[in-house]
Structure formats: C-alpha cells, structure tokens
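Number of protein chains: 2
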Amino acid sequence: MTRYSRALCPNYQAAVNLIGKRWTGLVLLILMDGPARFGELLEKLEVVGDRILSERLKELEAEGVVERRVLPTHPVRVEYELTEKGRALAPVIDALAKWGDTWVSIDPKQAAEFEAAADAEEAEEKTPSRRTKRKAAGAA
Amino acid sequence: MTRYSRALCPNYQAAVNLIGKRWTGLVLLILMDGPARFGELLEKLEVVGDRILSERLKELEAEGVVERRVLPTHPVRVEYELTEKGRALAPVIDALAKWGDTWVSIDPKQAAEFEAAADAEEAEEKTPSRRTKRKAAGAA
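Protein sequences, first through last, are from chains L and V. 1 is the number of the first residue of the first sequence in UniProt numbering; add one for each residue after it. 1 is the number of the first residue of the second sequence in UniProt numbering; add one for each residue after it.
Treat the hints as calculated values from the structure; they're not laboratory data. Any given hint could turn out to be false.
Claimed, not checked - Here are the in silico distance ranges between beta carbons for each label pair:
1) V/32 - L/79: 51 to 59 Å
2) V/74 - L/94: 41 to 49 Å
3) L/54 - V/102: 35 to 43 Å
4) L/39 - V/69: 30 to 38 Å
5) L/81 - V/70: 50 to 58 Å
6) V/35 - L/72: 55 to 63 Å
7) V/101 - L/39: 31 to 39 Å
8) V/67 - L/64: 36 to 44 Å
9) L/79 - V/37: 46 to 54 Å
10) V/91 - L/59: 46 to 54 Å
11) V/37 - L/84: 17 to 25 Å
To be verified - To be clear about the criterion: a stretch of chain L counts as covered by chain V if any three or more of its residues have a C-beta under 8 Å from a C-beta of chain V, and this derived list gives those stretches:
12) 24–38
13) 77–91
Unchecked claim - Chain L is faced by these chain V residues, among others (derived, beta-carbon under 8 Å):
14) 11
15) 26
16) 71
17) 92
18) 95
Every residue, glycine too, gets a C-beta built ideally from N, C-alpha and C.
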C-alpha cells in the first residue's frame, strides 16, 4: 500500500525527506534568521535558479512549514516566513550545523561530486540553466 | 569553482546532503540501536532492494560514518556499525524524530507521492525491481 517502512516511524522518514530535499535545508537555515523576500533568498543561495527556488518554496508552503505573506505596501512586498511548524525545525537545523562543523571538511573531490549531482538533478527538473549573478551582498 | 553556497556554511550543507539521501536516514536510525548484519538491515527496511542498501552502506563507509566489520566466526559474519562520527549524528536523528512525531501525520496522498518519487529514483538508479519479501520479524 504505502512504501514507507511501517515498522520504522514513518513520521521520522517524512521529516528526513522534507529537510533532505535539495536546497530545502539551506532555505530553512536562511529563514531561521527571519522573513526574507524571494530576491533576498536568491542572493543568499547564490547558485540556485529562481525556478527551483520557487518550487521549493511552494513545497514548503504546501507542507505548512513556510508562509507566503503579501504586505500591503506600494509596491506590494512578498515575504516568506517560517510558520510555527517551520520554527520547530530549529533543533534539527542546529544539530546538523553542529555535526557539520565538527565532522565535515569539504574537500575538492566532494565539491566536484556535489556539483555533478546538482547538474544531474537540475537537468532532470528541466530547469533553465540561468543562474542568478547577483552578488550575495546581504550575506556578509 | 564549487557550487556550494560559500556564504552559507558548506559543512551544514554537506551534513544535510548526507542524511537526506534516500534511505540513509533510515539506515542511521536502525544502526543507532547497535550493529546490524546486512540481512537484518534489509528486513527492517522492508521496501529497500539489496542493491540500493549496498550502495548506501558503501557511501556511509566512504564518509566514515559506518564501519563494516568481518567477525572471525564460522561462517564469517559481517556487521555494520556506526563509527564515532556516525554516533555523533544521534542529536540530529533525535531532533528529526521528535519533529516528525509532533508535526507530521502521513496521509494517503503523501504516501502516494512518496511512492512515485521512490519509483522514479529507483528507475534512475537502474536497480532491479526485486524486493525483499521477508517479514520484518525482528522489528516488533
């Protein structure tokens, strides 16, 4: 019926699948600092195309993790903000960051493999290869 | 050079990529309880083919997260065990499990989407569609 392994906590599996989807973990990391506009997210993510970012945000909205808010300014301003469910992921993000800082050191080989995987995924998603070229001005 | 977003902690991104790879989170969850043989892992995972499990274990070995041990018994017995680096993932696993139990409830639609995604991934990995049919005897 379902391909979740029933003996092994399907809720845990769903949590892993949510955060593990490419770029989602990084979007959540950014939004932990507070609401951000689409363009701000693009700048901070540096290497993510706007179509993929848009898909990820829609998925996170559908999961109830992110809320899209249209502010009544002129011109209107659209912001993305974590919901309570999203903010509750803070311990997960913190634990991943701590483990990464303690145990991971990125070497050129890993970076190359990562890049190849990213290219394969993006080709599969039929996303234009256009990249944002803006500098990550807000990230300093 | 690298497609890691440099402004945003590459070690965090590497940690997310490691745990987020399909089935890896579940393999780690099982091994948190102690060493396991290949067949035991297959039984507990229920829906994972032996080729994919073998790939995942090799990746985790290459990352230094899992150690493969050949015990000098007759016949020889092969066990997989978390290394210190792997055991250090416990806070991540715990946080994901807690978040999942609090915020996720699997519904049939999600299960169907999950299944479709799994099929797509396995087709991509050109893995035989054979599944283990053993009951998860040890999981009760």
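Now for the hints, and whether the structure bears them out:
Distance hint for residue 32 of chain V and residue 79 of chain L: a CB-CB separation of about 38 Å, inconsistent with the stated range 51 to 59 Å. Between residue 74 of chain V and residue 94 of chain L, the C-beta spacing of about 47 Å keeps the proposed range 41 to 49 Å intact. With their beta carbons about 28 Å apart, residue 54 of chain L and residue 102 of chain V fall outside the hinted range of 35 to 43 Å. Evaluation of the 30 to 38 Å hint for residue 39 of chain L and residue 69 of chain V yields a failure: the beta carbon distance comes to about 51 Å.
Between residue 81 of chain L and residue 70 of chain V the Cβ separation comes to about 52 Å, which falls inside the hinted range of 50 to 58 Å. Taken as a hint, the range 55 to 63 Å holds for the pair residue 35 of chain V and residue 72 of chain L, whose Cβ atoms sit roughly 59 Å apart. A hinted range of 31 to 39 Å holds for the C-beta pair residue 101 of chain V and residue 39 of chain L, which are about 36 Å apart. Here the CB-CB span from residue 67 of chain V to residue 64 of chain L is close to 39 Å, well matched to the stated 36 to 44 Å.
In this structure the supplied range 46 to 54 Å holds for residue 79 of chain L paired with residue 37 of chain V, their Cβ-Cβ distance being about 51 Å. At roughly 26 Å, the beta carbons of residue 91 of chain V and residue 59 of chain L sit outside the given window of 46 to 54 Å. At about 42 Å, the CB distance of residue 37 of chain V to residue 84 of chain L disagrees with the hint of 17 to 25 Å. For the stretch 24–38 of chain L, the stated coverage by chain V is satisfied: 4 residues place a CB nearer than 8 Å to a CB of that chain, which reaches the threshold of 3.
Against chain V, the stretch 77–91 of chain L contributes 4 residues with a C-beta closer than 8 Å to a partner C-beta. That satisfies the three-residue criterion, and the hint holds. At a threshold of 8 Å, the smallest CB-CB gap from residue 11 of chain V to chain L is about 3 Å, leaving the interface hint in force. Because the beta carbon of residue 26 of chain V sits about 6 Å from the nearest beta carbon in chain L, less than 8 Å, this interface hint is met. For residue 71 of chain V, the interface hint is violated, since its Cβ never comes within 8 Å of a Cβ in chain L; the closest pair sits about 25 Å apart.
Checking residue 92 of chain V against chain L: minimum C-beta separation of about 4 Å stays under 8 Å; hint holds. Taken as an interface hint, residue 95 of chain V checks out: its beta carbon lies about 4 Å from the nearest beta carbon of chain L, inside 8 Å.
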